[in-house]
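Visitor: Protein sequences appear in the order of chains P and W.
For the first sequence, position 50 matches number 50 in my numbering, and the numbering has no gaps at all.
Just add 246 to the spot in the second sequence (first one is 1) and you have my numbering.
Bear in mind the hints are in silico, worked out from the structure with no lab data behind them.
Heads up, the beta-carbon is just placed ideally off N, CA and C, and yes, glycines get one too.
Hints are not guaranteed to be accurate.
The calculated SDA-like cross-link candidates involving lysine to any residue, where the alpha carbons are at most 25 Å apart (straight line), are [claimed, not checked]:
id, chain 1, residue 1, chain 2, residue 2
1, W, LYS317, P, LYS234
2, W, LYS480, P, ALA116
3, P, LYS234, W, GLU432
4, P, LYS71, W, PHE398
5, W, LYS370, P, TYR74
6, W, LYS317, P, GLN54
7, P, LYS79, W, ALA429
8, P, LYS124, P, GLU109
9, P, LYS71, W, ARG465
Which bits of chain W does chain P cover? Going by a derived footprint, with three or more residues having C-beta under 8 Å, they are [what the hints assert, rightly or not]:
id, stretch
10, 313-325
11, 375-384
12, 432-443
13, 481-490
Just some of the chain W residues that point at chain P, by a computed CB distance under 7 Å [to be verified]:
id, residue
14, LEU330
15, ARG332
16, LEU333
17, PRO453
18, LEU455
19, ASN466
20, GLY478
Number of protein chains: 2
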Amino acid sequence: MVESVKSGPLPRYYQLKEIIRERIRSGEWSPGSLIPSERELCERYGISRMTARQSITELANEGLLYREQGKGTYVGRPKIAQQLLRLTGFTEDMRAREQRPGAKVLTAEMWPADEATAERLRIKVGQPVYRLRRLRLADSEPLAVETSCISFMGCERLLEKDLERDSLYGLLEIVYDMPPMEAEQELEADLARDEEAGLLEVEVGSPILRTRRVTATRRNQPIEYATSIYRGDKYRFYTRMVRDQR
Amino acid sequence: MVESVKSGPLPRYYQLKEIIRERIRSGEWSPGSLIPSERELCERYGISRMTARQSITELANEGLLYREQGKGTYVGRPKIAQQLLRLTGFTEDMRAREQRPGAKVLTAEMWPADEATAERLRIKVGQPVYRLRRLRLADSEPLAVETSCISFMGCERLLEKDLERDSLYGLLEIVYDMPPMEAEQELEADLARDEEAGLLEVEVGSPILRTRRVTATRRNQPIEYATSIYRGDKYRFYTRMVRDQR
DNA sequence: TACCGCAACTGGTCCAGACAACCATACGAC
DNA sequence: GTCGTATGGTTGTCTGGACCAGTTGCGGTA
Chain P
1 MVESVKSGPL
11 PRYYQLKEII
21 RERIRSGEWS
31 PGSLIPSERE
41 LCERYGISRM
51 TARQSITELA
61 NEGLLYREQG
71 KGTYVGRPKI
81 AQQLLRLTGF
91 TEDMRAREQR
101 PGAKVLTAEM
111 WPADEATAER
121 LRIKVGQPVY
131 RLRRLRLADS
141 EPLAVETSCI
151 SFMGCERLLE
161 KDLERDSLYG
171 LLEIVYDMPP
181 MEAEQELEAD
191 LARDEEAGLL
201 EVEVGSPILR
211 TRRVTATRRN
221 QPIEYATSIY
231 RGDKYRFYTR
241 MVRDQR
Chain W
247 MVESVKSGPL
257 PRYYQLKEII
267 RERIRSGEWS
277 PGSLIPSERE
287 LCERYGISRM
297 TARQSITELA
307 NEGLLYREQG
317 KGTYVGRPKI
327 AQQLLRLTGF
337 TEDMRAREQR
347 PGAKVLTAEM
357 WPADEATAER
367 LRIKVGQPVY
377 RLRRLRLADS
387 EPLAVETSCI
397 SFMGCERLLE
407 KDLERDSLYG
417 LLEIVYDMPP
427 MEAEQELEAD
437 LARDEEAGLL
447 EVEVGSPILR
457 TRRVTATRRN
467 QPIEYATSIY
477 RGDKYRFYTR
487 MVRDQR
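Produce the entire structure from the sequences given, and follow the hints as far as they go.
Guide: Encoded structure:
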């Protein structure tokens with residue numbers, strides 16, 4: 001059985017990406033092994049070399065493949081960060097870690113933006129934003145406290161939603177067609193204060209990871225400013241860094 | 247004055263990248279503004295559209311530009327993470343933060359790899375690696391304790407180097423031609439223990455950020471496994487995440 | 001045997017052009 | 001005035017070549 005790459009709603013380079021991904025997932029092409037050369041791939045799937053190169057380039061940027069000039073293209077060794085580096089909300093993050101996500105809504109309201117929030121969302125101080133504060137659970141245990149401020153035309157409709165059951169990022173993407181596309185995040189180590197310690201069920205003074213995140217949708221429009229704290233003993237953050245090319 | 251793009255040792259797409267970078271750095275093209283269309287750029291610099299597209303695509307991946315189909319390509323808003331996300335050693339990291347880096351060597355020795363180190367560097371347990379433990383300073387104040395284990399053919403020559411003055415990553419790149427190309431890192435919040443607290447000049451039980459990093463050079467060959475602790479009150483980690491395309 | 005150079009591969013760069021998808025605007029019909 | 005449509009701009013996808021640069025193995029030569 002040979003998959004083939006056809007013209008249609010999905011671009012050819014994307015179809016080839018999926019085929020390569022599947023070969024790797026299935027183990028047919030194992031980590032460290034050489035994949036077919038670019039010229040071989042174009043011939044096999046009836047596409048031009050530039051198109052095949054686009055597929056390989058994007059997968060290499062994701063860390064799934066790496067190239068060596070003069071030798072060939074290899075399957076990368078699996079990275080812990082690979083599944084955890086993508087921009088996701090808490091729900092997807094927990095699933096990638098093979099834990100069961102949960103949420104308890106602490107507050108959900110329209111709330112006048114303070115200075116820090118207004119600056120990051122590029123709105124005026126005092127403009128109402130949808131503010132959601134949730135205790136986040138992993139396998140039914142408290143893991144984090146997450147405070148999201150959302151600002152877009154009609155965001156007050158979020159008040160009607162059940163955010164204990166639904167994923168905020170899922171709603172944004174599917175219901176409101178404002179998919180989170182990019183985020184900038186900062187992390188620092190801190191100690192749990194009184195109220196935070198109570199919610200996370202740890203002692204006051206326990207280590208916590210504090211994060212601040214600005215999330216943008218298409219057109220580089222910021223829609224969310226989220227601050228979270230994570231239990232230091234139960235959460236690790238993974239990342240991958242690359243050197244500038246050339 | 248018009249820069250021009252010529253054939254030569256540097257590829258044309260790279261020359262155009264640098265020209266665009268310079269336009270942005272100088273403020274000639276300001277954040278949020280539209281840059282010339284792809285067709286205009288190829289004509290102006292005498293290159294083909296595919297080549298111009300490669301320049302723009304790479305700059306967009308770095309977050310410096312963003313595209314909107316049907317409208318054009320825009321200059322991205324400056325991101326804190328932009329300068330801090332690249333794979334760098336402590337020295338470069340501090341310079342990007344506009345702080346003066348410093349180092350005090352605690353130990354520098356050949357050391358038999360323990361299990362965790364051997365697995366990450368893909369060598370045998372007990373194989374000697376160059377192990378460097380340094381107190382890292384920012385503006386002459388203690389900021390971090392960094393322990394690097396380096397493994398490559400001839401790494402024992404590092405014993406002769408002065409690692410209080412020189413940057414480890416600088417040496418690896420320039421002297422040994424093994425530039426760090428990619429790293430995978432994990433971060434967690436913890437509390438300073440006895441010895442650590444003393445070195446960092448903080449109280450026992452103060453918050454610290456603990457990191458573990460595996461650094462690879464070309465050919466995806468791991469060369470460094472580094473564990474560090476940073477003072478929680480003086481160090482923030484910045485990162486940027488993007489949604490999968492399509 | 002030891003070395004060198006060539007040939008046959010690999011990925012890296014580049015071209016000129018084509019059509020599709022999408023977006024803004026202007027213009028006409030209703 | 002409002003709604004569709006035409007139009008000319010943008011980026012997105014794709015072709016089928018071309019040559020360059022790095023790697024490897026093979027065969028011939030010293």
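Visitor: It remains to establish, for every hint, whether it holds in the given structure.
Guide: Results for each hint:
no., hint, result
1, W/LYS317 to P/LYS234, "violated (45 Å)"
2, W/LYS480 to P/ALA116, "holds (20 Å)"
3, P/LYS234 to W/GLU432, "holds (13 Å)"
4, P/LYS71 to W/PHE398, "holds (22 Å)"
5, W/LYS370 to P/TYR74, "holds (24 Å)"
6, W/LYS317 to P/GLN54, "holds (23 Å)"
7, P/LYS79 to W/ALA429, "holds (10 Å)"
8, P/LYS124 to P/GLU109, "holds (18 Å)"
9, P/LYS71 to W/ARG465, "holds (11 Å)"
10, 313-325, "holds (count 5)"
11, 375-384, "violated (count 0)"
12, 432-443, "holds (count 6)"
13, 481-490, "holds (count 10)"
14, LEU330, "violated (9 Å)"
15, ARG332, "holds (6 Å)"
16, LEU333, "holds (4 Å)"
17, PRO453, "holds (4 Å)"
18, LEU455, "holds (4 Å)"
19, ASN466, "holds (5 Å)"
20, GLY478, "holds (3 Å)"
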